[in-house]
Structures are given as C-alpha cells and as structure tokens.
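So the protein lines, in turn, are chains A and B.
Here the numbering used here is used: the first residue of the first sequence is 1, the next is one more, and so on.
Here the numbering used here is used: the first residue of the second sequence is 1, the next is one more, and so on.
Derived from the structure by calculation, the hints contain no laboratory data.
All C-beta atoms, glycine included, are put in the ideal place defined by N, C-alpha and C.
Please note that the accuracy of each hint is not assured.
In the DMTMM-like style, the derived pairs of lysine to aspartate or glutamate whose C-alpha atoms are separated by at most 20 Å in a straight line are [as the list claims (entries may be wrong)]:
#1 Lys32/A <-> Glu169/B
#2 Lys18/A <-> Glu173/B
#3 Lys127/B <-> Glu30/B
#4 Lys28/A <-> Asp167/B
#5 Lys56/A <-> Glu139/B
#6 Lys56/A <-> Asp123/B
#7 Lys18/A <-> Glu169/B
#8 Lys79/B <-> Asp46/B
#9 Lys29/A <-> Asp167/B
#10 Lys48/B <-> Glu76/B
#11 Lys18/A <-> Asp167/B
#12 Lys28/A <-> Glu54/B
#13 Lys56/A <-> Asp46/B
#14 Lys29/A <-> Asp123/B
If you anchor each label on the Cβ, the simulated ranges turn out as follows [what the hints assert, rightly or not]:
#15 Ser37/A <-> Glu139/B: 44 to 52 Å
#16 Glu90/B <-> Lys28/A: 52 to 60 Å
#17 Ile122/B <-> Pro9/A: 36 to 44 Å
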Amino acid sequence: MSRSIKKGPFVDPKLLQKVKEMQKSGQKKVIKSYRRSSTITPEFVGLTFTVHNGNKFIPIYVHEGMVGHKLGEFAPTRIFRGHPGLKSEASTG
Amino acid sequence: MIINKNMYALGTIGRSYGVRGQFKFKSFIEYKRRLLTLKKIYIGPDDKTVKQYEVYDVRLTRDGIIIKLREINDRESAKALNGQYLFVTEEDVVKPPEGHYYIHDIIGCAVTFGRKKLGKVIDVHRKHEGFAQDIWVIEGKPEIWIPVLPHYIKKVDIKKKKIAVQDVEGFLE
Chain A
1 MSRSIKKGPF VDPKLLQKVK EMQKSGQKKV IKSYRRSSTI TPEFVGLTFT
51 VHNGNKFIPI YVHEGMVGHK LGEFAPTRIF RGHPGLKSEA STG
Chain B
1 MIINKNMYAL GTIGRSYGVR GQFKFKSFIE YKRRLLTLKK IYIGPDDKTV
51 KQYEVYDVRL TRDGIIIKLR EINDRESAKA LNGQYLFVTE EDVVKPPEGH
101 YYIHDIIGCA VTFGRKKLGK VIDVHRKHEG FAQDIWVIEG KPEIWIPVLP
151 HYIKKVDIKK KKIAVQDVEG FLE
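So here's chain A without its partners, still in its complex pose (with noise of 0.2 Å):
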C-alpha cells in the first residue's frame, strides 16, 4: 500500500535540516546518515551522503534523477560475488 498523498513523502528532519544548512553556506561535505527510507527531495541534489547499509556507510552523490527514490534504495545491504564454484571472470576488451 501506498503513503498517503495528504502526508507528503517521508524526509528525516533532522537530515533535512543539514541538508538546508549545507546548501546556505555552499559547502559539499558529505553527510552521514543512518536514514535509509527518507526519500530524497530536489534539496538534496549535488550533496554527496554516506549511507548505512547495516554494515559499513555506502557513498551516494545525489543527481536530479534520484529524486524522489529512498536513499536506501542507492546503498545496497547485499554484494553478489557471483555463484560458488564457478571459476571467477575477468572483464576486460
């Protein structure tokens, strides 16, 4: 089921609150945070955030086309390192 449209979409205030006071003074530190389901906002664009995955923070420059996502959905919490017994591939051409 959907959010409720009268609710508008789900931004941490306290991160948000940063984010507004990194844009005011023009600096682009990168912004810790722990909010995985906080949706990004055309506030964020251009900030760089670490996001935590459950186990180490994932780095995340935001771009217009995330807006709107989760920052969550950019930091995955799985790594496929491919099926156990195959012989590993290299990548290259």
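Once you have looked at the hints, place chain B on chain A.
Quick look at chain B alone, frame taken from chain A:
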C-alpha cells in the same frame, strides 16, 4: 602453445552452431561491437595453454554472438572448443576513452590524499550492482569506499599505478 604475454579473456566458447564449425560465444565485455574487429585470437582452457586462431566471421544476432574461425570447419572441431576461454593479447586490447579505465588497471593502484597514503585499490563496485555510481574500494581496516566522480578523483596515472584523490575527508571517518 605457451605464449609469454599477458592474456585477457573476452568470453567463453558456447555450443557449436550449424555444420560449418561456427559456435556461439558468451561475452564478458559490455561493448559487443568490439568483437567485430577481432582478427587474431587465442583459445584455451586457461591463459597458459592456448592455441592461436584467425577469425573468419563474427555475427551479432538476436540469438547471441556467432563466431567462425578460419581453422575450424566442422561441427566436431567446434564442439571440442566448448567451455574454453577466448583470449586476446595485451596489444589487441582496445584502449578505453579518456577518463575511462579498465578494472584490472585500477586494481592495485596506490591511492594518495594530499601527502597521506590511503592504500591500494582492492576492488571496484559497479553501478549496475545497485550503487549510485562506481565505487573504488581501498584496503584497510575499515575499508575506504570512494565514489568515482570527477570532483573526488584528482589524477589517475595507470603507468605508475598511482591515483590522487581530493576532498575525501568525509569517507575516511
């Protein structure tokens, strides 16, 4: 035949196709049209024991990539190659455009941030794995993950195996 050159695998040989010695090809590379320029290739179970072949024809079809070699002219010979790797030598590897690098060139490069040595690149995570952009993983405890973006990468010297990064304080914490 043993060749003392660096070999780069482009893919594996699949099942035979037709009766004239053609076979299907499972490519590792993203830019498939590069295969149309192949002339001299090497096939073998590993990069140490390979045999040289001349490419007669390469077709990119909806069913996949079909290759015909000049030396292979019947179905049985094509069948014998099934599962082996197709290699090219270092000279035949296509140079990437400026600002683009092969993963095997990046891995092992020493990364410096100002005067501080961060360590060597041990892995590269690609965008299609679900990340927002490509990420270089630098050795250490904990590992340092740096996004591959122009404003963080200052200089890349593949020959000297050195990479200089900038403004990465936020990733070091």
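Evaluated hints:
For the hint linking Lys32/A to Glu169/B, the alpha-carbon distance of about 12 Å falls within 20 Å, and the restraint holds. In summary, the hint linking Lys18/A to Glu173/B is supported, as the alpha carbons are separated by about 18 Å, within the 20 Å threshold. Among the hinted pairs, Lys127/B with Glu30/B is consistent with the structure: their alpha-carbon atoms are about 13 Å apart, no more than 20 Å. Note on Lys28/A and Asp167/B: the hinted pairing holds, with a Cα-Cα distance of about 9 Å set against a maximum of 20 Å.
A hinted pair counts as satisfied when its Cα atoms are at most 20 Å apart, and Lys56/A with Glu139/B qualifies at roughly 14 Å. Only pairs whose Cα atoms come within 20 Å are accepted, and Lys56/A paired with Asp123/B is accepted, the gap being roughly 15 Å. About 17 Å separates the Cα atoms of Lys18/A and Glu169/B, which keeps this hinted pair within 20 Å; it holds. Proposed proximity of Lys79/B and Asp46/B is supported: the alpha carbons are some 17 Å apart, at most 20 Å.
Proximity of Lys29/A to Asp167/B is assessed by CA-CA distance (about 8 Å); at most 20 Å being required, the pair is judged to hold. Under the criterion of a C-alpha separation no larger than 20 Å, the hint pairing Lys48/B with Glu76/B is inconsistent with the structure, at around 24 Å. For the hint pairing Lys18/A with Asp167/B, the CA-to-CA distance comes to about 19 Å; that is within 20 Å, so the pair holds. Restraint check for Lys28/A and Glu54/B: the C-alpha separation of about 54 Å exceeds 20 Å, so the hint is violated.
For the suggested pair Lys56/A and Asp46/B, the alpha carbons sit about 36 Å apart, so the restraint of at most 20 Å is broken. Between Lys29/A and Asp123/B the alpha-carbon distance is near 25 Å, which puts this suggested pair outside the 20 Å criterion. Between Ser37/A and Glu139/B the Cβ separation comes to about 32 Å, which falls outside the hinted range of 44 to 52 Å. Distance hint for Glu90/B and Lys28/A: a CB-CB separation of about 39 Å, inconsistent with the stated range 52 to 60 Å.
For the pair Ile122/B and Pro9/A, the supplied restraint of 36 to 44 Å holds, since their beta-carbon distance comes to about 38 Å.
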